[in-house]
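Chemist: Work out the full structure: start from the sequences and follow the hints.
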Amino acid sequence: MSGAPLVICAPLAGTVVALADVPDEVFAAGMVGPGVAIAPDQSATTAYCPVPGVVSKLLPHAFVIEAGSKAVLTHLGIDTVELAGEGFVVLTQEGDRIHVADPVLKWDPTEVAAGGRSPIVVVVALEAATHEVTVLAPPGQAVTAGTPLLSWA
Numbered sequence: 000m001s002g003a004p005l006v007i008c009a010p011l012a013g014t015v016v017a018l019a020d021v022p023d024e025v026f027a028a029g030m031v032g033p034g035v036a037i038a039p040d041q042s043a044t045t046a047y048c049p050v051p052g053v054v055s056k057l058l059p060h061a062f063v064i065e066a067g068s069k070a071v072l073t074h075l076g077i078d079t080v081e082l083a084g085e086g087f088v089v090l091t092q093e094g095d096r097i098h099v100a101d102p103v104l105k106w107d108p109t110e111v112a113a114g115g116r117s118p119i120v121v122v123v124a125l126e127a128a129t130h131e132v133t134v135l136a137p138p139g140q141a142v143t144a145g146t147p148l149l150s151w152a
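Going by numbering that gives the first Met the number 0, the sequence shown opens with residue 0, and the numbers climb by one from there.
Keep in mind that a hint or two might mislead.
With a cut-off of at most 20 Å between alpha-carbon atoms, the simulated EDC-like pairs for lysine to aspartate or glutamate come out as follows [stated by the list, open to error]:
id	residue 1	residue 2
1	K56	E85
2	K69	E126
3	K69	D101
4	K56	E126
Beta-carbon label-pair distances, calculated as ranges [unchecked claim]:
id	residue 1	residue 2	range
5	K105	A141	16 to 26 Å
6	T133	S68	17 to 27 Å
7	P22	G2	31 to 41 Å
8	P4	G115	37 to 47 Å
9	G94	T45	18 to 28 Å
10	S150	D20	15 to 25 Å
11	E93	G139	28 to 38 Å
12	K105	H130	33 to 43 Å
13	G115	S150	27 to 37 Å
No lab work stands behind these hints: they were computed from the structure. For clarity, every value in this text was computed on a predicted model and none was experimentally measured. Note that beta-carbon positions come from the ideal geometry of N, C-alpha and C, so glycine has one too.
Modeler: This is the structure in structure tokens:
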């Protein structure tokens, strides 16, 4: 009796990419949980909240939103932890209650790519069972911030 599924929305504009095609083996293998990725548009310089909830973890390049007993990870770029926050601006704080489409981070995907890193954005249902998550936006689909990406039963 878990109630209505949690709809996870796109945190920014871009094109949906299958998680298996992410250039990071941990994400690609689904070790963190099922999800999708987004190849961001060059103009997608703000990452927005994908689900209503509480900011439980906030790094310059990634954030986790807890929505009840579920948690959703948004990770901006691959190997961006190596940038030590350079090029990222945090717009909220851990513990804040936020809603879909509230701004969380600012960044420049073009700069990330220029530095030799993938700007792909990963959106994962943390520790969810694969059968609990349904992809609503298939690979190749263009999305804008707020477009439903996943449904988590």
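Chemist: Within 20 Å, alpha carbon to alpha carbon, are K69 and D101?
Modeler: holds, 19 Å
Chemist: Taking 18 to 28 Å as the stated bounds, is the beta-carbon spacing between G94 and T45 within them?
Modeler: About 21 Å separates the Cβ atoms of G94 and T45, which means 18 to 28 Å holds.
Chemist: Does 37 to 47 Å hold as the CB distance between P4 and G115, or does it fail?
Modeler: This hint holds: roughly 38 Å between Cβ atoms.
Chemist: For the pair E93 and G139, does the Cβ-Cβ distance stay inside 28 to 38 Å?
Modeler: holds, 35 Å
Chemist: I want to verify a distance hint. Is the separation of the beta carbons of K105 and H130 within 33 to 43 Å?
Modeler: Since K105 and H130 have Cβ atoms about 36 Å apart, the given range 33 to 43 Å holds.
Chemist: Is it true that T133 and S68 lie within 17 to 27 Å of each other by Cβ?
Modeler: holds, 18 Å
Chemist: For the pair supplied as a hint, K56 and E85, confirm whether the alpha-carbon distance does not exceed 20 Å.
Modeler: holds, 18 Å
Chemist: Evaluate the given range 27 to 37 Å for the C-beta pair formed by G115 and S150.
Modeler: 35 Å Cβ-Cβ, so the 27 to 37 Å window holds.
Chemist: Does the hinted range 16 to 26 Å hold for K105 and A141 at CB?
Modeler: holds, 22 Å
Chemist: Do the beta carbons of S150 and D20 sit within 15 to 25 Å of each other?
Modeler: Once the Cβ atoms are compared, 21 Å apart, the range 15 to 25 Å for D20 and S150 holds.
Chemist: Can the restraint linking K69 and E126 be considered satisfied, given a maximum Cα separation of 20 Å?
Modeler: Distance ~9 Å between K69 and E126 Cα, so the pair holds.
Chemist: Can the suggested window of 31 to 41 Å be confirmed for the beta-carbon pair P22 and G2?
Modeler: holds, 36 Å
Going down the numbered hints, you'll see the structure goes against none, and every one checks out.
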